Amino acid sequence: MPSQDQRPDALDERLQALFSAYREACPDPEPSPGFMPQLWQKIDANRSYTYSLKRLAQGIITAAAAAALLMGVYLANPQPRPSPSYLELLAASQTHNDLADTEIVQASHDNPR
Amino acid sequence: MLVEFELIRRARDGDDAAYSQVVQAYRKRILGTIGRLIGRPEDVEDVGQEVFLRLYFSLDQLRSPEVFEPWLYRLTVNAAYDYLRRQRRRNESRMADLSEQQVVLADAAASSKRDAEEQRRKRVRELLDTLMSSISEQDRILLTLKEIEGLSLKELEKAYGVNENALKVRLFRARQRVLKVFEASTEAATGAVRSK
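Residue numbers (the numbering used here), protein chains in the order written: chain A, 1 to 113; chain B, 1 to 196.
What the hints contain is simulated information worked out from the structure, not anything from laboratory work.
Keep in mind it's a predicted model, so treat the numbers as computed, not measured.
Check the hints yourself; a few may be wrong.
Said to hold, decoys possible - Stretches of chain B that chain A covers, calculated by requiring three or more beta carbons in the stretch to come under 8 Å of a beta carbon on chain A:
| id | stretch |
| --- | --- |
| 1 | 67-77 |
| 2 | 156-164 |
What the hints assert, rightly or not - Now the stretches of chain A that chain B is said to cover, found in silico as 3 or more residues with beta-carbon under 8 Å:
| id | stretch |
| --- | --- |
| 3 | 10-24 |
| 4 | 42-48 |
| 5 | 83-94 |
We treat Cβ as the ideally placed atom computed from N, Cα and C, and that holds for glycine.
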């Protein structure tokens, strides 16, 4: 079989030669004159995008920190309530007479002795 | 190394002028490598700019200037992979490109002005491209870096972050597969000559 005679060494050498020939056949291309300006444009565009994203993230973090601080201060110094709560108002408005209709109060009035 | 370590250090520390010098030193070599990896000269500069863009934004992660070249090759391989993956996804544009390539080939064949040397180079490119198409994209890139770009196993180890033995096995298998196809094509050519 001719292929077996060819194979391991001769064919391998030919393949190696083909790799070298390919390297010569595909030389490194000369970059176009616009290569560097275009690259810097891309870098600047990316940089400004990254920068604005960073600014936005910093803004959000600052705002969140300020809100947390304000909340902390507010909770640490509880102010006297400016107006009573609904339940307090309800309790205050319930005088003895207002409860006269209820059976419990009525019963205590009927049997004073 | 094509540049001094000091220049890379300066570029890493944010010196744009130093970075420009680094790009200017490496761009031709990287464009050549990309051309041989993706096989489409019209897209080489775009992929090259992508490599240097990624380099610019990742240079601060470079541990030491000594590993700069493997780092750059790693970025190059990744950008080439990404490009090839995008190309695979764009089926319709690939079809359009194929027909464009066919037109180019037809033009080339029709041109009688083309000299013998260029014809020989073209045949070499076509033959090796055919052989390399018999193996996977990853193996083709690995074999190209080793056999055509001339990277050593040590450099490949650094670029890929894989141990040398694993690379050797993978390279051996890829080479065997290419040899098998090469043998078959040689036999076919010999058979065709004999039958004439």
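Tested hints:
Restraint check on the stretch 67-77 of chain B versus chain A: 0 residues with Cβ-Cβ distances below 8 Å, three needed, restraint violated. Beta-carbon proximity to chain A at under 8 Å applies to 0 residues in the stretch 156-164 of chain B; the threshold of 3 is not reached and the given coverage is violated. Counting residues of the stretch 10-24 of chain A whose C-beta lies closer than 8 Å to any C-beta of chain B gives 11; at least three are required, and the coverage claim holds. Coverage of the stretch 42-48 of chain A by chain B holds. Counting CB-CB distances below 8 Å, 3 residues qualify, and the rule asks for three or more.
Under a criterion of three residues with beta carbons nearer than 8 Å to beta carbons of chain B, the stated coverage of the stretch 83-94 of chain A fails, only 0 such residues being counted.
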